[in-house]
Amino acid sequence: MPLFDQLYNFAHWLTRNRDEAEDLVQETYVKALRGFSSFQLGTNFRAWMYRILRNTFLTSRTGLKATMTVPLDLEQDGTDLPVDSVTPETIFIERSNTQLMRSTIDELPVYYREILLLCDVEEMSYQEISETLSIPIGTVMSRLSRARRTLRERLRLQFQEGPRPLSAAVASGINYGL
Amino acid sequence: MDCDSLTVKLDTYLDGEFPSEEMRAFDAHVHSCSSCAADSLARLQMKRSVQAAGRRFTPTSNFRQRVERSIAIKPRSSFGVRWMFAAALSILVVASLLATYLGVQRSRRDQVYGEIADLHVAALASSSRVDVVSSDRHTVKPWFQGKIPFAFDLPELQNSEFSLLGGRMTYLDQTPGAHLIYAVRKHEISVFIFQEAALRGKWDERSPVTRELSFSMETWSQGGLRYCVVGDAAATDINSLAELLKSAASS
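Protein chains in written order, with my numbering: chain A, 1 to 178; chain B, 1 to 251.
Simulated from the structure, these hints should not be mistaken for lab results. Ideal Cβ positions, reconstructed from N, Cα and C, are used throughout, including at glycine. One or more of the hints may lead you astray.
Using C-beta positions, here's what the derived DEER-type ranges look like [said to hold, decoys possible]:
(1) A/Ile137 to B/Ala28: 21 to 27 Å
(2) A/Arg18 to B/Ser126: 55 to 61 Å
(3) A/Leu41 to B/Ser20: 27 to 33 Å
(4) A/Glu153 to B/Thr60: 31 to 37 Å
(5) A/Pro109 to B/Asn239: 53 to 59 Å
(6) A/Leu41 to B/Ser70: 21 to 27 Å
(7) B/Ser160 to A/Pro136: 53 to 59 Å
(8) B/Ser126 to A/Ile137: 47 to 53 Å
(9) A/Leu64 to B/Gln45: 33 to 39 Å
(10) B/Thr58 to A/Gly138: 30 to 36 Å
(11) B/Ser20 to A/Pro136: 19 to 25 Å
(12) B/Ala28 to A/Arg18: 46 to 52 Å
(13) B/Cys3 to A/Thr43: 36 to 42 Å
Let the sequences and hints guide you as you build the complete structure.
Quick look at the structure:
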């Protein structure tokens, strides 16, 4: 089962619970097998499997609860601000805190969490993400952009509010420029 | 291409989602603009950090077996459907393996081209660029005798616009080789020669002329030796010098 590990990882991120993730993955495979005749040969098998998993999650109790807040996928979303020389990215990398990154991703709304994971962890193309989430590519781009911006902003706040938020920054005269 | 347009589209660029022509324009801008290069690096590292953090949960072997069993005993699934599902999974495995293999090959190839470019730049930046200083091929070639485990022929340059500046020892992947430096107008071109057997599989034979980090590069195998010509001169100059070397090697 080649997608097994990836689907499980994605399911666990969505459900935030091991037992629910296992149920979700198992149900996904069962549904895939049952509905395989609906799979169109020549289309993307990976996107199809992820779509089944995600749709199953969305109809679960945890999924319904997690998606009570609906994102506004406006195409005209404005532009990203230019990147400062000292950014949450550079600060984060210096501290190399994977745990902090995980908890920050975990706290993102599910519609940001899933698109970020599909793009950066599963390395799906925008087209694949579009098929998986059943949204247009323009929406993939705008939602991904907002997910990344939200992640950066939350990391920035984490660094400012953390136990040693300003020690290095103050020492080097860094202005976070929020 | 300006900095503002890159900043707006930076994430899409780093996700590799632009058409190849636009990607090349972005590449060129990033190579020439230190500010955008720094921004790109920061975003890329952020992307990598998300990737590293995102690979977090691993299923237990018990769970895997449970799912395998649950799929295997499904009574309603006909043999045909199950077979097709297995076939699709198998195709995915093969495709994944192929993609991984091609990715590794490409990564190795990019790495060796990068190393060649590094050797060229490092030699030109060195205070003593060549160990044997001579424009006479009959002086430069014998200098390598006993220093490298092969011999090579150098072209006669009398009627060409190239001139030989000298040579030095070099190493690639712990393999000794010859590094010759030629001049054409104000450009300096490096010619690297190694034993092919020691570096087999690291080169892209389908596209011998490439551009790496704005250097033109041509590589080929001849007589058991791997030649690599690299420099910031025009691709036509690189190719002309390569043709002279090929003629000399085959004569």
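So does leucine 41 of chain A sit 21 to 27 Å from serine 70 of chain B, Cβ to Cβ? 24 Å, holds
Outcome of range test on Cβ distance (alanine 28 of chain B, arginine 18 of chain A; 46 to 52 Å): 48 Å, holds
Is the hinted range of 53 to 59 Å satisfied by the C-beta distance from proline 109 of chain A to asparagine 239 of chain B? 55 Å, holds
Falls inside 30 to 36 Å, the C-beta gap from threonine 58 of chain B to glycine 138 of chain A? 35 Å, holds
Assessment of proposed distance window 55 to 61 Å (beta carbons of arginine 18 of chain A, serine 126 of chain B): 58 Å, holds
Quick check: does the Cβ-Cβ distance between serine 160 of chain B and proline 136 of chain A fall within 53 to 59 Å? 58 Å, holds
Take the C-beta atom of leucine 64 of chain A and the C-beta atom of glutamine 45 of chain B, compute their distance, and say whether it sits inside 33 to 39 Å. Cβ of leucine 64 of chain A to Cβ of glutamine 45 of chain B: about 36 Å, so the range 33 to 39 Å holds.
Indicate whether the distance between the beta carbons of isoleucine 137 of chain A and alanine 28 of chain B respects the range 21 to 27 Å. With Cβ atoms ~25 Å apart, the hint holds.
Hint says 36 to 42 Å; check whether the CB-CB distance for cysteine 3 of chain B and threonine 43 of chain A agrees. 39 Å, holds
Tell me if the beta carbons of leucine 41 of chain A and serine 20 of chain B are separated by a distance inside 27 to 33 Å. At roughly 28 Å between Cβ atoms, serine 20 of chain B and leucine 41 of chain A fall inside 27 to 33 Å, so the hint holds.
The hint says 47 to 53 Å between serine 126 of chain B and isoleucine 137 of chain A; measuring C-beta to C-beta, is that right? 49 Å, holds
When you take the CB atoms of glutamate 153 of chain A and threonine 60 of chain B, is the distance between them in 31 to 37 Å? 36 Å, holds
Violation of the numbered hints given earlier is absent; every hint is satisfied by the structure.
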